[in-house]
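Here our numbering is used: the first residue of the sequence shown is 1, the next is one more, and so on.
Simulated from the structure, these hints should not be mistaken for lab results. Careful: at least some of the hints might be erroneous.
[Stated by the list, open to error] The calculated SDA-like cross-link candidates involving lysine to any residue, where the alpha carbons are at most 25 Å apart (straight line), are:
#1 K140 x E31
#2 K140 x T98
#3 K140 x G127
#4 K140 x P73
#5 K140 x G43
#6 K140 x T79
#7 K140 x H99
[Stated by the list, open to error] Quick list of the computed label-pair ranges, beta carbon to beta carbon:
#8 G53 x N94: 18 to 26 Å
#9 S121 x D75: 19 to 27 Å
#10 D122 x G13: 32 to 40 Å
#11 Y76 x G144: 17 to 25 Å
#12 A133 x Q72: 18 to 26 Å
#13 E145 x T79: 15 to 23 Å
As the structure is a prediction and not an experimental result, all values here were calculated from the model. Each residue gets a CB set at the ideal place from its N, CA and C atoms; glycine is no exception.
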Amino acid sequence: MLLVPALAACSSGPVEIDDPDLSSADRASCEALVADLPGTLAGEDRVDVEPAGALGAAWGDPAYVLSCGVPQPSDYEPTAECNIIRGVGWYVPNDQLTHQGEDATPIALSLAPYVEVDVPSDYRGEGIDRALAELAPVLKEHLGEGLSCL
Numbered sequence: 001m002l003l004v005p006a007l008a009a010c011s012s013g014p015v016e017i018d019d020p021d022l023s024s025a026d027r028a029s030c031e032a033l034v035a036d037l038p039g040t041l042a043g044e045d046r047v048d049v050e051p052a053g054a055l056g057a058a059w060g061d062p063a064y065v066l067s068c069g070v071p072q073p074s075d076y077e078p079t080a081e082c083n084i085i086r087g088v089g090w091y092v093p094n095d096q097l098t099h100q101g102e103d104a105t106p107i108a109l110s111l112a113p114y115v116e117v118d119v120p121s122d123y124r125g126e127g128i129d130r131a132l133a134e135l136a137p138v139l140k141e142h143l144g145e146g147l148s149c150l
């Protein structure tokens, strides 16, 4: 299951994050990651999510939304390029790279379980790289090796 970005972008209430079907090991990795996520991200304060034990977190309004345990993107090809930011390989679909005025959802494919961050268009300037760079240390601490990035 994937997060529900439309609710994150339109609501100032708790951000809803779906609960993925994961192995017990992946669930434990995601739970440890979420427990260690920062209180601020790219200058935005952490906001409530629901359900309370969701495998994700959100910051700001509109919210950056991190979701742990997402599936590999259906359009990912082994020859796809990743953007390496502080040692984490982030895959962004080509259509999102070319449309800077729209939301983007980079997925950390170099680590597993996979993590995605829904980035509202408001933050597409310097905010996207800053947020991903700030998340890199905690992601590398709690997640295992994923796919190789080109």
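* Hints violated by the structure (numbers, ascending) -> Hints 2, 7, 8, 10 contradicted; others consistent.
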